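Chemist: With chain A fixed as given, assemble chain B onto it according to the hints.
Number of protein chains: 2
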Amino acid sequence: MNSAFQAALKATLPPQSLLIEAEALRPYECDGLSAYRQVPLAVCLPETLEQAQAVLRICLEHQVPVVARGAGTGLSGGALPLADGVVLSLARFNRILGIDADNRLARVQPGVRNLAISEAVAAYGLYYAPDPSSQIACSIGGNVAENSGGVHCLKYGLTVHNLLALKVLTMDGELLEIGAQSLDSPGYDLLALMTGSEGLLGVVVEVTVKLLVKPERAQVLLAAFASVETAGAAVAAIIGAGILPAGLEMMDNLSIRAAEDFVHAGYPVDAAAILLCELDGANAEVSEQIMAVREVLFSAGATEVRTAQDEAQRMKFWAGRKGAFPAVGRISPDYYCMDGTIPRQHLAQVLRRIGELSEQYGLRVANVFHAGDGNLHPLILFDANQPGEMKKAEDFGTDILRLCVEVGGTVTGEHGIGVEKLDAACSQFTAAELAQFHAIKAAFDPAGLLNPGKAVPTLHRCAEMGRMHIQGGALPFPELPRF
Amino acid sequence: MNSAFQAALKATLPPQSLLIEAEALRPYECDGLSAYRQVPLAVCLPETLEQAQAVLRICLEHQVPVVARGAGTGLSGGALPLADGVVLSLARFNRILGIDADNRLARVQPGVRNLAISEAVAAYGLYYAPDPSSQIACSIGGNVAENSGGVHCLKYGLTVHNLLALKVLTMDGELLEIGAQSLDSPGYDLLALMTGSEGLLGVVVEVTVKLLVKPERAQVLLAAFASVETAGAAVAAIIGAGILPAGLEMMDNLSIRAAEDFVHAGYPVDAAAILLCELDGANAEVSEQIMAVREVLFSAGATEVRTAQDEAQRMKFWAGRKGAFPAVGRISPDYYCMDGTIPRQHLAQVLRRIGELSEQYGLRVANVFHAGDGNLHPLILFDANQPGEMKKAEDFGTDILRLCVEVGGTVTGEHGIGVEKLDAACSQFTAAELAQFHAIKAAFDPAGLLNPGKAVPTLHRCAEMGRMHIQGGALPFPELPRF
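So the protein sequences, as listed, match chains A and B. Position in the first sequence (from 1) plus 6 gives the number in the numbering used here. Position in the second sequence (from 1) plus 6 gives the number in the numbering used here.
Wrong hints could be hidden among the right ones.
Since copy identity is lost for identical chains, a pair holds within one copy or between any two.
Think about it this way: if two alpha-carbon atoms lie no more than 25 Å apart in a straight line, the pair counts; the simulated SDA-like pairs of lysine to any residue are [to be verified]: (1) Lys-398 x Asn-100; (2) Lys-216 x Gly-246; (3) Lys-16 x Thr-404; (4) Lys-220 x Ala-239; (5) Lys-216 x Ala-298; (6) Lys-161 x Glu-294; (7) Lys-16 x Ala-128; (8) Lys-216 x Gln-355; (9) Lys-216 x Ala-243; (10) Lys-216 x Ile-249; (11) Lys-216 x Leu-409; (12) Lys-322 x Leu-88; (13) Lys-322 x Leu-363; (14) Lys-16 x Gly-179; (15) Lys-216 x Asp-286; (16) Lys-328 x Asp-276; (17) Lys-322 x Glu-310; (18) Lys-16 x Arg-370; (19) Lys-220 x Leu-250; (20) Lys-16 x Glu-53.
For the record, the hints were derived by calculation from the structure and aren't laboratory data. Model, not experiment: these values are computed from the prediction.
This is chain A alone, in the form it adopts within the complex (with noise of 0.2 Å):
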């Protein structure tokens, strides 16, 4: 590395926070995405604010790129290091800074983790919503990046509903504040353009989450169906019986099984497809909508609806879909976990395409996912060991996205483009979205030094691709289907 590059960060930073030996670099390797790896060029570790914006700087001086870090389970590869680049890791800023009941928010620096937030507030009888299945690993931070999700979105909203305030440095080292304590802020929402934006704009160094009143009830009902097309269906009506679960999530039999021998959670073995659906809120409120949702999954066609019959029942049915991911680990030598959305309505016809395809490329797919918000998990297993199996999920995976997108959906729910993606996000958007996503990645890092090559394809890759009609013409799929 450049020997001034390297004088100057060691001129800013303690020893204890910068790395830059082959053993010490090497975990920095790739995030929760391990496909992709590169050793960068060295880690930095600030503790305080000023070694933050000190460490941009010299980056900025001396035209290196700065890929900026959280927890590292990111499954798209946002954070995944470039060899010419510097890693700026997040994970000293791990300080709880305040927490005001009265108004139920909380501001913390980025290196906290997601589940740390709630346990620091639950004496007050508050949590923190989004609870991404990392929640026990991932930092506040990285979910700002990714605008995480989780298990409760349907109810409470992504990353960006949960969130009062943002301070940000930018390339320069320049500390932005965004948003305030109050209801909204004028000027242009950079509260939201920076949440999601995977780090190419800004180095989140403060984040104020809203907090909310844990409810007074919650319980899960788990809803047994001869096949997933029922399952989806009865998502849909659900929902459009005017029901908004607190949760509301899927598994095929595959996930069943694998989760089954793994947790014992009680699933139903034979069962095509299982519904859980959590409701939450007042006593009364809750009794009334169980009796509704029974009612509703029965006449969908659930051959079978349980209520769990206690605290420790309603923990069980969780921890298989919670631990359904490890258990898929567990049947298969690898899998390749998708994320996509699509509109709730075609959740059956999607997944009925899933199976053909899954037919077709001769790979098994388990499906496991927040059905609610049509958001998907296919699991495609497969066996890196064999020669071309990699390539054929790859493939397999990249079908399935552009189905989400053919029928109005994205290519991602919840864990970013990355370096994943960028592919499948040219079959998204058309040259002039594109064209108008880095115009405003150069209003805020002119240099393109932050996370370059993440999150937003070149026009130039996607022309390559073929995916796009450079000549303006909009996409066969972006139009919103018409109704």
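Modeler: This is chain B only, laid out in the frame that chain A set:
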């Protein structure tokens, strides 16, 4: 007007879509903020997307500024014309394009009135939640431009929380499709960025809104208080108790009496302040909440709590609130409607301070506002025919907005910055933040032709006001109050 420019417009638009005669232009000289007036060069009323695109391209070619206009009900002068500019009215984009009851969404053109959406979907038991007081007249396109709120945004959010997708024209006539029918959309969050951007980034030509299921029951409580401070504290107590009313409105004695004389709502005219608290949801849930809220209100010092005995009385209670502005108009030659937000916990303190300022300025203030989300609407009463009173009212207003920012709030809740609050906005942002806003504007509209001079003050203007340390340091206010 430049003849080549005029000729180009004439060649593009049917005669009824191009207004250039003085008397035809007059109705467009102002929006809801009638203190500011300016007759534009011309008014274009395109009837098709192609015509709208052509108008923008012609204006770009001739470097003529464009001010998009919906129903012209805005309260901050966002649609104020420019002498050398064109007004682009979306009044003829007034069709509802589609209603999808199953997925609870509607696709509408920007000129559709806010209330017309709820009317059109009422047959399905659905409605569109954001309800600005002007909802009979205001257009959904204008709502998007201002990120409008309303009585029910406490529970159901602002416009930005009730949108799924937008079609937007950039200044060069390019069509951008933003958002999707599904949960989340990849790429930067242009949907939120565009919402509330006051016509500076693009022209909205289609809006896909979320629809909600009409609650089974809605009930309103009216609580009387011996002081505005107690009423303010009661608001914090309700929210603190974990209750989320559909609406939580406050009126002080002056507004109570004005409204009572006007609509005979049956308000207690001797009360220093009243709260209107609407609760909606399932029957059982609402009954539970009514009991809970009554308890909180009394223990917070309410002297009287009434529950509307029937739908007719509920409507009367709301009629008084919704008629409060015109009612105040009857007791004063002129009034100046302010709009700022503050963190709820500062309500009592801020109301007290507004009372003191009222004494100092010798101008009466009527407080009518969305207490639940800390969105104040103090109405400053004055007589424009008394020399100096207009200026006094404006200074008073500015002091109120500075007060909002001092306690961690913002200078606008739902009315936008427009031309009215450019100076106030200076006290909200640092130089770095303003520079970032201008960079984003340039990323969409490099020539700066879309609604120039609105919404975001120039660095120069703020520097001249001495409101900001241009040398980067944060202001005393924008910092979140430490807790």
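Chemist: Next, verify each hint and record whether it holds.
Modeler: Consistency of the hints with the structure:
| no. | hint | result |
| --- | --- | --- |
| 1 | Lys-398 x Asn-100 | neither (41 Å within a copy, 49 Å between copies) |
| 2 | Lys-216 x Gly-246 | between (28 Å within a copy, 13 Å between copies) |
| 3 | Lys-16 x Thr-404 | neither (44 Å within a copy, 49 Å between copies) |
| 4 | Lys-220 x Ala-239 | between (30 Å within a copy, 23 Å between copies) |
| 5 | Lys-216 x Ala-298 | between (30 Å within a copy, 23 Å between copies) |
| 6 | Lys-161 x Glu-294 | both (17 Å within a copy, 21 Å between copies) |
| 7 | Lys-16 x Ala-128 | neither (41 Å within a copy, 66 Å between copies) |
| 8 | Lys-216 x Gln-355 | between (37 Å within a copy, 23 Å between copies) |
| 9 | Lys-216 x Ala-243 | between (31 Å within a copy, 17 Å between copies) |
| 10 | Lys-216 x Ile-249 | both (24 Å within a copy, 15 Å between copies) |
| 11 | Lys-216 x Leu-409 | between (35 Å within a copy, 24 Å between copies) |
| 12 | Lys-322 x Leu-88 | neither (42 Å within a copy, 65 Å between copies) |
| 13 | Lys-322 x Leu-363 | neither (32 Å within a copy, 60 Å between copies) |
| 14 | Lys-16 x Gly-179 | within (18 Å within a copy, 50 Å between copies) |
| 15 | Lys-216 x Asp-286 | both (18 Å within a copy, 22 Å between copies) |
| 16 | Lys-328 x Asp-276 | within (20 Å within a copy, 58 Å between copies) |
| 17 | Lys-322 x Glu-310 | within (18 Å within a copy, 48 Å between copies) |
| 18 | Lys-16 x Arg-370 | neither (50 Å within a copy, 62 Å between copies) |
| 19 | Lys-220 x Leu-250 | both (17 Å within a copy, 13 Å between copies) |
| 20 | Lys-16 x Glu-53 | within (14 Å within a copy, 63 Å between copies) |
Of the numbered hints listed earlier, those contradicted by the structure are 1, 3, 7, 12, 13, 18.
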